[in-house]
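Next come the chains, spelled out residue by residue.
Number of protein chains: 4
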Amino acid sequence: MATRVGILTGGGDCPGLNAVIRAAVYRGKNEYNMEFVGIRYGWKGLLEKDTIPLNIDDVRDTIAIGGTMLRTSRTNPTKTEKYIKTAIKNFRDLELDYLIAIGGEDTLGAAFKLWKIDNDFRVVGVPKTIDNDLWGTDVTFGFDTAINLAVEAIDHLHTTARSHNRVMVVELMGRHAGWITLEAGIGGGADIILIPEVPFDIEKDLCEPLRKLKAEGREYAIVAVSEGAKLKVDEDRDGSLIIQEVDRDEFGHVRLGGIAKALAEQIEDRVGWESRFVVLGHLQRGGPPSAFDRVLSTRYGIAAADAVAEGLSGVMIALKGSVVEPIEMTEEIKNIKKLPEEYRRMAKLFSPKTGK
Amino acid sequence: MATRVGILTGGGDCPGLNAVIRAAVYRGKNEYNMEFVGIRYGWKGLLEKDTIPLNIDDVRDTIAIGGTMLRTSRTNPTKTEKYIKTAIKNFRDLELDYLIAIGGEDTLGAAFKLWKIDNDFRVVGVPKTIDNDLWGTDVTFGFDTAINLAVEAIDHLHTTARSHNRVMVVELMGRHAGWITLEAGIGGGADIILIPEVPFDIEKDLCEPLRKLKAEGREYAIVAVSEGAKLKVDEDRDGSLIIQEVDRDEFGHVRLGGIAKALAEQIEDRVGWESRFVVLGHLQRGGPPSAFDRVLSTRYGIAAADAVAEGLSGVMIALKGSVVEPIEMTEEIKNIKKLPEEYRRMAKLFSPKTGK
Amino acid sequence: MATRVGILTGGGDCPGLNAVIRAAVYRGKNEYNMEFVGIRYGWKGLLEKDTIPLNIDDVRDTIAIGGTMLRTSRTNPTKTEKYIKTAIKNFRDLELDYLIAIGGEDTLGAAFKLWKIDNDFRVVGVPKTIDNDLWGTDVTFGFDTAINLAVEAIDHLHTTARSHNRVMVVELMGRHAGWITLEAGIGGGADIILIPEVPFDIEKDLCEPLRKLKAEGREYAIVAVSEGAKLKVDEDRDGSLIIQEVDRDEFGHVRLGGIAKALAEQIEDRVGWESRFVVLGHLQRGGPPSAFDRVLSTRYGIAAADAVAEGLSGVMIALKGSVVEPIEMTEEIKNIKKLPEEYRRMAKLFSPKTGK
Amino acid sequence: MATRVGILTGGGDCPGLNAVIRAAVYRGKNEYNMEFVGIRYGWKGLLEKDTIPLNIDDVRDTIAIGGTMLRTSRTNPTKTEKYIKTAIKNFRDLELDYLIAIGGEDTLGAAFKLWKIDNDFRVVGVPKTIDNDLWGTDVTFGFDTAINLAVEAIDHLHTTARSHNRVMVVELMGRHAGWITLEAGIGGGADIILIPEVPFDIEKDLCEPLRKLKAEGREYAIVAVSEGAKLKVDEDRDGSLIIQEVDRDEFGHVRLGGIAKALAEQIEDRVGWESRFVVLGHLQRGGPPSAFDRVLSTRYGIAAADAVAEGLSGVMIALKGSVVEPIEMTEEIKNIKKLPEEYRRMAKLFSPKTGK
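Protein chains in written order, with the numbering used here: chain A, -11 to 344; chain B, -11 to 344; chain C, -11 to 344; chain D, -11 to 344.
Bound-form chain A, shown alone (with noise of 0.2 Å):
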C-alpha cells in the first residue's frame, strides 16, 4: 500500500514553500509511488481536517508563485492536550504514515514535540524562516527572494537621495538576526547598517560617521537598520531618543517605522542633514521567488520526500555547504542562528572612519 504523507505549511509566508511541495510530490509520486494530502492553514488544518488532495497537475504549475498553496496560519498544535490529543487522532483519521511539515522553529517544533509524545506521529521538517536566522541549515529559502526585493529597492532610493542632498533611511526586517540588514545593505551599497547583534550608539555609529560623509563631499547617504536594532541607552549623550512604541505583528515585525522614523528624526536633530525613511514591511515577503529560492526549495522538498522513504522521523531538512540532507531535530531548534564575525565586521567596512 502507498504511503500517504500529508504535507502543511505554518508561521509566515515565504517565497519558496510551493517549490517545496512541488519537488516532494513529484519525487514522492514518481519515484516512491506515494500519496500526498494537502493540509491547508498549517497545524489548524490538522486540527480541523481541512485538507486537499495534492497530485503532480495540483503542484505543476507552482513554481514561480510566491505564498503557499496551502495557506497557513499560527496555530500551535501543543498549546493544550486537547489540541495534542486532536492532531494526533486526526493524523490517524486521515491515514497518515507521515507529515511534511514546513515552518520556522514553532512549527518545527512543535511537529518535533508531537512526535516525542507518539512515534508514530513520524515526522520529517523542512525549515523556513525569510529571516535566515533558523538553526541547523546554513540557508533558508525565501531570504535570498528578500534580499533581492530590498537590493532593488534600494538601489532605488539611491537617485532619490542624491538629488534631493538627503539621508534615506531604509528600515528591514529582522527582529533578532540582522542577515536582510545586513546584505541588503552590503548589497545595496549602503553606508551604514545597522544589525540587532551590534547595540549602536547614536554619535558614534550613525551621526559621526554622517558628518564625515558630508564634510567629505558626499551627497547623500543611506542607512540600512533592522527592525530589531538596539541603542546602547547606556550611552546616549543626552538622552533625548526615545524610540517610541510601536505595534508588532505576529512575526515581531515592526507595523509601523518605529526605529527608521526615529533615527531620521534623530539625524536631522543632531547632524542637520534632511532625512526620510522607508519601511519595507511586506514588500519583502511577496512576488515571485529568486531562481536561488526555487533551486533550494527544490532540493528541500525532494530531500524531504527522500527521508520519508528512508523511514527518518524527527529529521529536518538541511543545507550544509553544498549538500542538503536530513539532520536530527533537536531542542536546539529554539536558537537563533546570528550573523557570524565575519559578517558583523563587513557591517562596518563601508562606513567612513571616525576617529570616535
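Don't read these hints as lab results, they were simulated from the structure.
Incorrect hints may have been included.
All copies of an identical chain are treated as equivalent in the list; a pair is satisfied when it fits inside any one copy or across any two copies.
[What the hints assert, rightly or not] Only pairs whose alpha carbons sit at most 20 Å apart, straight line, appear in this in silico SDA-like list of lysine to any residue:
| no. | residue 1 | residue 2 |
| --- | --- | --- |
| 1 | 308 | 330 |
| 2 | 192 | 19 |
| 3 | 325 | 311 |
| 4 | 336 | 52 |
| 5 | 322 | 93 |
Use these hints to put chains B, C and D onto chain A, whose structure you have.
Here is chains B, C and D on its own, set in the frame of chain A:
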C-alpha cells in the same frame, strides 16, 4: 553667436528628468548649435550661480538613471523682491538667452512670473510631476514609472495576503488627485480603490464590500488608498474613526502610514478580517525610468530645444493626444488635473456591489 | 433575457488580453447583466464550438497574467465559404447576440467581413498588436510591455559591451513598422536605430557613424535594428552584404537573427570593431503586462462592453488622445500605422553626425 | 611604505566584478593602508602599462553596475616568452607588490604560471565565471545573476507558449557544464532539461516525453537546453538530425541558436507539436548583479585584500560551504566542475516518465 540656454530642475525628483536634459542638449547642440549651462539645485543654483557645463558627453549615458543630474531643491525665486532681482541679475551675469525650467506648478509658476516681470528672462517650461495631476498636459513623465513600481508591489502582496487570509491596505501617493492610486489599483487588481476625488464612507465604500467579498468565499482582499483620500466624516456611523495627525513631507506626502494604518485597524475592528498595510512612499519616486517615460521625456526635451530655437517664451511643453507641442503658460498652471468621470467610475467597477 | 456575448482572441498573444476579457466581463455582468461565453483558440473555437463559461470568478485574478486565458490561433473564418457558413451557424447555435473579437488586422478584418455578410452577426472589435502598428487607434496594448522588456534588455547590454569594447547589435520585432525598435532604441540609449520606414545605407547610416564614435573615444556602441529594416541595396558600395534567407514565423518575425547577425558581421569587416548580436524574439511577447497595458486593456474591455450595451456593431474600440471610444471599422483596418515624421527624425538624433 | 596592489579583470565580463574591486579597495585602504592600481583590459593592460588609480571615491558607487570598471580582454600574458618578460618587467616598473587577478581558468592559470616563474610576482586570484563550472570554489559570482535573468525569461515564455499550444525551446549558456541550464530549467519549471554532462537520445529523452505530455492533455511544454548539450548520435534512430555547424564566440558560446533551432525543428517533425525557440545569449551576462552576487563578490574582495595583508601568494579565494577563504592554486584550476549526481538526477525529475 551661439544661443546660451540654462537648464534647471525644481521640486521633487522624478524618473525622466535626465532624459529631458539629455534630449534638449542633443537637439540643441546637434541641430541648432546652442550652448547649455546646467544650473544645480533648481532655482537655488540660479540665486547662487551654482552651475556646471552641459555637453553631449555629460548627458550621453544618463537616460537610464533616475533622479536629476542637476539636483533639485524647493527654493522659490519669487519669494522675495531680493530673490527676484538676484535671479534676473544672475540670468544676465551667466549670459543666458533662455532658461529651460523643468518642474511642477511651483517651478513653472515662478518661471512664468519672472518672465512676466522681465521679458528678457525668456523661459520654456517642461512639466514634471510624478502624480500626473498637472494642468495643461495629458501625461507627465515619472508617472508611468511610479505606477509600474506600485503595480509590481501590489502584485507581490497578493500571494502573501492570500496565504494568510488577510486584507492588505496599500497607501499610494496622491494628496489631491488619485491618478497613481487609480491606475496602480486597477493594474494591481485591487478590490477597493479610494481616491481624493471621491470622499468615502467607511461602511458603505469599504466595510460593506469587504464583508460581501468574505461572504462570497474570497480568501483575501487588496485595498488601494491615496494618502489624500478623504473620509465623509459626517456619514461615519459611530464616530470612532480618527485619522491620526501625521507628518507630511514637503510634497505633502504622508510620511508615516496615516490613512493606511487607520483603515487596516478599522477593517479589523468592524469587519473582523485580519489586516495589514504597506506605505510605498519614496519607493514610487525612485529607480530607472520606464520605457514610456524615457520616450516621453526625450520628446519633451526635444520640443523644449525646438521651442527655444523658434524664439518662444512663456510656453510650456505639453502632450496633447499623440502630439508634443508648446502651449502658452497661464495662471491655470496652478490648477490640479483631477481624475475624469470615466476613471472615477472605473475605480468602482471591480468592487463587489452591495445593497447599501 | 440577458444579452449573450461571445469573446475570442485571435492572432499572436499579447500582454493585456486577459485584462480586456476581465474588464468586459466585470462591466457587462455588473452593469448590464450580460452573459459571457469564452470561445477558445480564436476563430477555430467558433468553428468547433469550443467554449468555456466566463463569470466573474473565472476572470478575477487574471490581470497580471500574460498571454490569453482563451488561447489563440491563426484560423481565418472567412477563408472558405464553408467556414463562413459554419461561423455564422455556430454563432446562432451558441445563442450569441454579440461577439467581442480581440485581435489584429486579420481577426478584426474577418469580424468585419462576417458582420457585412450577416448583420445579425454583431461584432465589436478590440485592436491588438504588440507592434503598435494597427490602424485606427493611437496605441495598442502589449506594446508598452514589449518596449519595457526590450529597454531593460538593452540596459543590460551596455555594461557587457563597454567591458569588452564592443558593438552590440540588438534585433527587435517589427516587420513593417519600427515602433518597437524606435521606442526601445531611444529608451535604451542606442547609438544607431534602423527601422523599416527608412531604408538604410550600410556605410552612411551604420559604419560611418560607428567609425566616428570610435574615433571620438567612445568605448562601445549599441545598434537597435528592426527585423524588417531594409537595406538600400542599390547604394551598397561593394555588393558584399548578403542578408541570409531566414525563416519567419507566422507573424512574419525573423526566427533566427538574420539581420542582426549580418550587421554584426559587416561591422566587424568594415569598421574593424568587435561586434556581437542578440535577437530578443519571443521574449518581447511574454511576461506580465506593464501598468500602462493593464489600464489601457481594462479601458478597452470596458468600452467593448459599453459598445455592446449601446447596440453598436461593426465598430472597434480605439484610443484617440486621452479618450477610449468605439470607431467604425472600415477596410482601412488593413493599413499599417507607420512611424510619423517626428519619430523618424528622433531616430537619428542620438547618432553622431558624419559628413557623408 | 604602503603595499602597492594591482587589480585586473580578465576573460568574459560578469556581474559582480565591480563589487570585488570595490571591497578589496575598501578593505585594503581602510584596514591595511594599501595603495591600489587598476590595470585596464586584463593582462593587456599589464603588457601596455594601461593603468588608472583606484581610490575609495573611484569604487564607491559601483556595486550595482554590471561589467567591469577596469574593462577586460582575452590576452594571455604567457603566450610568448616576450609577453612573460614584459608582464614581469611591468609589474616591477609599476612598483607593484601584489596583483589581484580576477578571472576564470585562463586568467588564474596565467597568474599562477607567472608567479611560478618569478616568486616576486605575487598573486592572489579571485575566481570568476558566469557558468559556475570553475574548480576549487563552491559557487562563482555572476552565476546567480545569470540564472535569475534566465528564470525570469523562462517565466515569461510560459504564457505565450500556453496561449499558442506550443513547445518553447530555450537555449542557455554552458558549453561543458550544465549549471545554468539545470538551475534555470528547474527554476523556470522546464519540462525537459538537456545538459552537457548527460548526452541525450532525441527520441527517448526529448520526443517521447513530449508525446506523453501532449497525450496527457498538457497544453504546452518548455525545453531548456545547454548550448553544449550533446546528442548520443549512435542511438539516433533515423539519422536525420543534423546539428548545424555554428559560430562560437570566444567563450565557446554558440552565437546563433544552433542546438535550440535544431531541436525545435526536430520536435515539429517528429512529434508534430508546433515549436519555437529563443537563445538568451548575451542577455545572461548583463545587468546589475543579484543580491547574492553582490554579497559573494564583496566577500571575495575582502578576502583577497586579507590574503595580500597576510602575505599569501599563489592562492585563490574560494567559497567552501559558508566560509570564504584562500586556497592554494594548483594545476587543477584547468578542470571543469561538472554537475554532481544529485543535480543530474534532479534534471529528470520533472519530465514525464516514459516506458522507453
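We went through each hint and held it up to the structure:
1. 308 to 330: Result: close both inside a copy and across copies, 18 Å intra and 14 Å inter.
2. 192 to 19: between (59 Å within a copy, 18 Å between copies)
3. 325 to 311: Answer is both; intra-copy 19 Å and inter-copy 15 Å each pass.
4. 336 to 52: This pair counts as between: shortest inter-copy Cα distance 19 Å, intra-copy 36 Å.
5. 322 to 93: Within. Shortest intra-copy distance 6 Å satisfies the 20 Å Cα cut-off; inter-copy 44 Å does not.
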